[in-house]
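Protein chains in written order, with full-length UniProt numbering: chain A, 1 to 587; chain B, 1 to 113.
It cannot be assumed that every hint is accurate.
Simulated restraints on C-beta separations [stated by the list, open to error]:
#1 Pro-56(B) with Pro-120(A): 39 to 45 Å
#2 Glu-228(A) with Val-94(B): 38 to 44 Å
#3 Glu-71(B) with Pro-374(A): 58 to 64 Å
#4 His-92(B) with Arg-18(A): 35 to 41 Å
#5 Glu-71(B) with Glu-209(A): 23 to 29 Å
#6 Glu-544(A) with Phe-101(B): 24 to 30 Å
#7 Glu-545(A) with His-92(B): 37 to 43 Å
#8 Glu-228(A) with His-92(B): 21 to 27 Å
One side of the interface only, derived from the structure: several residues of chain B facing chain A at Cβ under 10 Å [what the hints assert, rightly or not]:
#9 Trp-13
#10 Asp-18
#11 Gly-47
Below, in silico cross-link-like pairs of lysine-lysine (DSS-like), each with a Cα-Cα straight-line distance of 25 Å or less [what the hints assert, rightly or not]:
#12 Lys-210(A) with Lys-50(B)
#13 Lys-183(A) with Lys-50(B)
#14 Lys-429(A) with Lys-439(A)
#15 Lys-72(A) with Lys-27(A)
#16 Lys-183(A) with Lys-210(A)
#17 Lys-210(A) with Lys-125(A)
Hints listed in this document are in silico derivations from the structure and should not be mistaken for laboratory results. Glycine is no exception: its CB is placed at the ideal position from the N, C-alpha and C atoms.
Chain residues, written in single-letter form:
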Amino acid sequence: MPSKVEGWKDEVYGNEIREHLMEFAEKGWESIPEDEQDAWFERFKWWGLYHQRSGQESYFMMRIGTPNGVIKPGQLEVIGEVAKEYASGPAQNPEFGDAYCDWTTRQSIQLHWIKLEDIPEIFDKLEAVGLGTQQACGDSWRNIVGCPVAGKDKHEHVDAWPVAEDLHETFKGNDDYANLPRKWKVAIAGCDEGCGQGDINDLAFEPAEKNGELGFNVRIGGGLSRKEPRLARDLDVWVPPEQAADVAGGMSALFRDHGDREDRFNARIKFLMDEWGPEKMRSVLQEEYVDFELETAGEDMRDQYSYNTGSQDGHNDHVGIHEQKDGNYYVGLNVLVGRMGADDVLELAELADEYGSGEVRLTQRQNIIVTDVPEENLDEFTSEPLLENYSPDPSPFMRGSIACTGTEYCSLSIVETKNRQVRYARWLKDNVELPEDHKDFHIHLSGCTASCAQPQIADVSLRGMKTRKDGEPVEALDIGLGGGLGDDPRFADWVEMRVPADEVPGAIKNLVNNFKDAREDGETFRDFVEDRDEETLAEMVEPEETDYDDPYMHNTKMTWYPYAEDDDMQSSPAPTNGAGEPLTSDD
Amino acid sequence: MTTDVHQLDDGAWISVNDSREVNVSDLWLLARSDFCGCETTDFLAEGFVKVGVDYPDIQARIAGQCISCGESGVTDWLTVGRVVDPDSGEFHGVVHESVHFPEKRTRLASPEE
Ligand code: HEM
Ligand code: SF4
Ligand SMILES: [Zn+2]
């Protein structure tokens, strides 16, 4: 029997949701019949709107999909303006104020506290400059990710940006692929650094050479969610750039027709890959979904990959100043946990115009890159006061931090994430010394097993949990070690479970010190972890209270907003009307 | 009215008659359960896997973990609340901090979302 959600999707889904959305927005929040809310909120996701968690009814998270993270000249200003005007809620965040943008791990943008009534205006503003929210959430082609410096990078062999743009244009709003069993995540990269993160996507195109021609090898079935992380598997297919869209269309049609529509937990293609294996996947694709002979895989470049490998040389992220192939420079700025205040966004938009081409790009590490800066502008640009907070040369602990949305807005969360990770990073910067040869050290915090912060591919993986301290429930984290990408990607080993959140910085400090004591000369953290068993590693973690203070130990999910002065669920002003005034419920 | 129950957002919460009623991230004390070796399982709810109605009880099987011993898995059917007024569909959640007794089987549970 198809799931409830499938039933709703059969009634209305895809592009047609928009006219309903606009009508509800016109008439206001209360015009959505109570007994249809669940169905409409499920559908609104397709247009990039995610109803916020319990206690925040009538407010939405809005996701803007920017393929490959490319924000063209003129767009960042509009994003900042929209955030400033519409993304403020009834309470402020103590670290970030109100009105901010989140740069996400899939090179998208998230705004919070969006009101239904404002959506038509917001869509107008975004669409006027070529931005949009279509398919940013929901069961369809999601934002396409890739090497954030595609088309600019010296390490590039195939320019993947036109291919990404073509995929985006072909599959956004395309009714044939609008209703898939579940989300469909695609990565494409043409560089030899491996920064597309293809291994954790449903469909990955990776640079490869065949018969002297450059194109892509295809991998299928990666993903991190639940406790079922998978690396994408080699399909043994090579495509030239001009056929990438045909293979991508074929694969997503295969998923559309063969994915599990009865059980959403089993729907992602990684589970179909478990069931079928790559040989059957390939033969079904060949026989039913493409009308040309597929080539076997070409020679890939995986042995050169350096991105997120923990190798401590090469290109572990995109922070810093790097020369482009046209002689200009790109300047990768660190945005701690990916969150940037709207005023800062507006200022950065001006700086990008002044010193570069006006284009910026988002990375899969929640950072932002200003591209096309001529050499003579570098000094002046990097001395701008804004770059003190968004540094091209930050501490490894600031640079390596990623955090998901967590209990601030997310229904599935177990713990507070972004503000906590900000405090962790600051404390670690002041109190922990990495070995001198370690410039990269990635700590990813996810509020639950959905793994939006991609914890399994970090040096230190943190995942939301609970435990008891003196009998009282407190927020806690599972600690995993040694994950990363590269030629030989590896998911973290979960070594120490349910560590009270206030003991995690102490645990990381002890771990780093134990690593420094026990490592061989030149041994990287990732190799060190790989060479040791879980027990030995667990002993090195040693959770401990320190002078780090955690204001979020209580059950932040039971509040209506974790940082509100009166955070009691009963004190929530939500739902509110278009003017933000509380609506009294009649039941 | 008939009672309409489903889990949404990947099992993040249970909707009862189109109202968000039971959420993940709470701790439930489970007695006499086979979930783990602990006398009382100190269970962290991480996701609602199945929901059903054994009128007037609303029941669920929940994915999660015992935070005392670390055992993880899916519970047997647990009563998470009841519909107190069949006309309005008004729902009262159980007090999850008190002790609960999971059941092997439930009569009218619909296995679907
Ligand atoms: C049913 C609830 C949700 C589930 C199961 C879920 C799951 C996921 C997963 C699995 C990923 C990407 C990781 C991967 O597949 O490799 C992801 C991405 C993300 N999710 Fe969620 N998520 C949920 C709700 C939310 C909500 C409510 C928010 C915020 C309000 C959120 C924020 C994010 C962010 C920031 C990303 C990176 C996204 C992107 O760029 O597309 N998630 N989510
Ligand atoms: S990892 Fe979990 S808590 Fe964090 S945003 Fe994703 S679903 Fe929410
Ligand atoms: Zn137990």
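Structure-based check of each hint:
1. Pro-56(B) with Pro-120(A): 39 to 45 Å: holds, 42 Å
2. Glu-228(A) with Val-94(B): 38 to 44 Å: Because 30 Å falls outside the window, the suggested range is violated.
3. Glu-71(B) with Pro-374(A): 58 to 64 Å: holds, 60 Å
4. His-92(B) with Arg-18(A): 35 to 41 Å: The hint (35 to 41 Å, Cβ to Cβ) holds, given that His-92(B) and Arg-18(A) are roughly 38 Å apart.
5. Glu-71(B) with Glu-209(A): 23 to 29 Å: violated, 49 Å
6. Glu-544(A) with Phe-101(B): 24 to 30 Å: violated, 38 Å
7. Glu-545(A) with His-92(B): 37 to 43 Å: holds, 39 Å
8. Glu-228(A) with His-92(B): 21 to 27 Å: Violated: the Cβ-Cβ distance is about 35 Å, outside 21 to 27 Å.
9. Trp-13: This interface hint holds because 6 Å falls under the 10 Å limit.
10. Asp-18: holds, 5 Å
11. Gly-47: Holds: closest Cβ of chain A sits about 7 Å from Gly-47(B), inside 10 Å.
12. Lys-210(A) with Lys-50(B): Not OK: Lys-210(A) and Lys-50(B) at ~48 Å, beyond 25 Å, violated.
13. Lys-183(A) with Lys-50(B): The hint holds at about 21 Å.
14. Lys-429(A) with Lys-439(A): Roughly 12 Å separates the two Cα atoms, so the pair holds.
15. Lys-72(A) with Lys-27(A): violated, 34 Å
16. Lys-183(A) with Lys-210(A): violated, 31 Å
17. Lys-210(A) with Lys-125(A): Roughly 44 Å separates the two Cα atoms, so the pair is violated.
The structure fails hints 2, 5, 6, 8, 12, 15, 16, 17 (numbered hints given earlier, in ascending order).
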